[in-house]
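Colleague: As a plain string of letters, each chain reads:
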Amino acid sequence: MQQLRIGASEMLSTVKPSLAESVAETKITARGISVFYGEKQALFDVDVDIPKNSVMAFIGPSGCGKSTFLRCINRMNDTIPIARVEGTISIDGRDINDPELDVVELRARVGMVFQKPNPFPKSIYENVAYGPRIHGLANSKSELDGIVENSLRRAGLMKEVQDRMNEPGTGLSGGQQQRLCIARAIATSPDVILMDEPCSALDPIATARVEELIDELRETLTIIIVTHSMQQAARVSQRTAFFHLGKLVEESETNTIFTNPADPRTQDYITGRFG
Amino acid sequence: MLSYLLLALLVLTIAAYYAGLAKARSFAAATGPHKSHHSLAGYHGAFVAAWAGIPSFLLVVLWLLFQGPVVDQLLIASLPVERIQNLDAGQLNLLVSEIKSVAKGNIFGEPDEVVLAAAERYNSWNAIASWAMVASVLSLTVVALFVARSMLAPRFRARNHVESITTILMITCSLIAILTTVGIVTSLLYETMRFFSMVSPLEFFFGLNWEPQIAMRDDQVTAGGAFGAIPVYIGTLLIALIAMMVATPIGLYSAIYLTEYASDRLRAVVKPLLEILAGIPTVVYGFFAVLTVAPAMREFGELLGFSIAPNSALAAGGVMGIMLIPFISSLSDDALNAVPQSLRDGSYGLGATKGETITRVLLPAALPGIMGGILLAVSRAIGETMIVVMAAGIIAALTLNPFEPVTTVTVQIVTLLIGDTEFDNPKTLAAFALGLVLFIATLVLNVIALTIVRRYREQYD
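As you go down the protein sequences, you meet chains S and D in turn. The first sequence lines up with residues -3 to 271 when you count with this note's numbering. The second sequence lines up with residues 942 to 1402 when you count with this note's numbering.
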């Protein structure tokens, strides 16, 4: 056990300085979130506060409800007919399940990046321009060009694709496709980005590029990342939440979770005892 | 006789299977449970059966092909020279036919001595030929059985041999399909060339007047005969266009509704119901068009104060459109379903509504599949016969007015080949020219459709 502890703390040599010292403003507040798929309850009464302009990682074994919770934040569970969500989530103090609030506007503010890169079978330019177009964010072609270029630049993809903006996005490599999807998500200038295992289909080099990108983006964005890789959670996040069997077991600073977890289940998971 | 022979052949083939099986089992038993023989006993059986059955069956087919002509030649050669030296080919044929019908026992009038004697010879030769066939086929079967059985050994590669025999069988089957197509096209081409030697291609392809009912006998009173096919093609295109204008929106929108909006329960009911449309025989659509749709349109037209012909292009095209709905809806449905869920999620995740997702992501992604479906439906519309024969007109009028009767290529082919036909008359041969053009048009459309569908398949692989 002692040796495992050391292993975990060595892993943390790469952890970024925690933001907890600065007084973090809360961006997203979730209270009493339960999710049902038909008769089956997938998530039990989750409470969590997510600070602004930081990265929060959700870890836990497969089927623990972390992706389900992530999909509550932009109400993607609405697209599943049998899913039912209870509890309240508010972003900047505004309840996202308020019937007055348009889910389309919510999703424009809360971008999402999926596990498998899913560029549309359109050109690279059209992929990024998709969000701005449907939300009418650009009044002219040059304005749209500006948004597309800026998004690609922020996603660190501009240099690689500037000569082939009109080629299909599906022709890029896996890592490039995933950064294209990130560029597509930030093109609608959201203030939250949800990432559902964004690197699970990528090789280590592409993963490193995406992690760098996450680190840059958190200066202006609140990022929530679901990951199976504890190293990744340790590398990119400031706070980490551990889910198990549909319950939020523990949530605190990433440093604390990996060096001194309060719950024995967290301890078992991060030392590789299960999951 | 032939059916008994084939039955005997079947029994022998089955016996050959068991003979091979038994021999293989015997040396399998001798070598013990550890596997030193190459193939399972069943392969040895199948090998012997194939050897016994296939060559004999081919021999039967060849024998039947050649027995008739050979006996006919013998028959002609045996006739007295003074009887046939003054006959031309047609009269000789007539004589041979007479001998054959006498041989069968159908005697009309008073056949002369020569014919009666020839009929007797004919019957006896045929009997000899039949028995010779039975004897040679059965002996070939038995010899092949024993040869094949003697080839069996523990290390004999029966499974490989059976596999190559199966491969050859498969090649033969596909060759039969291809050769049939080639044969049909060649005969079409041949008759079309004969047609164009009588009627200039210029008139056929660019003429505006179609009156093919020309006199075949001197006492017939008909039109002068004109073979300008433009009105026929215009009519075909008009009806196909009307059909597609009905089928495309209804088929496409129902596919979109079923894949994107309908609940699973509703889809489980509606989809099979839509596909029932594809199972209705076209003749039923035909009388639906004639007896229900056309009169209803006529009355509706009268109500509005203008006249609609009882066999208008609109009625035929509209009903044909109903028939084509399941083609388009089912292929579009497949294409839309093939678009990965991740693309829908990606679009919803960016804040797109359902409608925006469908028009901007799903339809463009599924477009090749949808286009393939539409093109297949177009080639069906052009080649469809029964509905238009019943509901469209026969007179080839050059018009684009959907309320007037028009005629189509298929209707004209049917009318040209009904009644008196004579294969050295341009009236009959015109049907082949029309058919060839129809064949080429649908072939081109099918090739385009299949190419598009194939390209679309590669997209998500």
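Derived from the structure by calculation, the hints contain no laboratory data. Fair warning: there could be bad hints in the mix.
For lysine-lysine, the following DSSO-like pairs were computed, each having C-alpha atoms within a straight-line distance of at most 30 Å [what the hints assert, rightly or not]:
| # | chain 1 | residue 1 | chain 2 | residue 2 |
| --- | --- | --- | --- | --- |
| 1 | D | 964 | S | 36 |
| 2 | S | 118 | D | 1295 |
| 3 | S | 112 | D | 1295 |
Colleague: Is it true that the CA of residue 112 (chain S) sits at most 30 Å from the CA of residue 1295 (chain D)?
Modeller: With Cα atoms ~21 Å apart, residue 112 (chain S) and residue 1295 (chain D) stay inside 30 Å; holds.
Colleague: Is residue 118 (chain S) within 30 Å of residue 1295 (chain D), Cα to Cα?
Modeller: Holds, because 18 Å separates the two Cα atoms, which is no more than 30 Å.
Colleague: Taken at face value, is the distance from the CA of residue 36 (chain S) to the CA of residue 964 (chain D) at most 30 Å?
Modeller: violated, 62 Å
Violated hint for the displayed structure: number 1, the only one.
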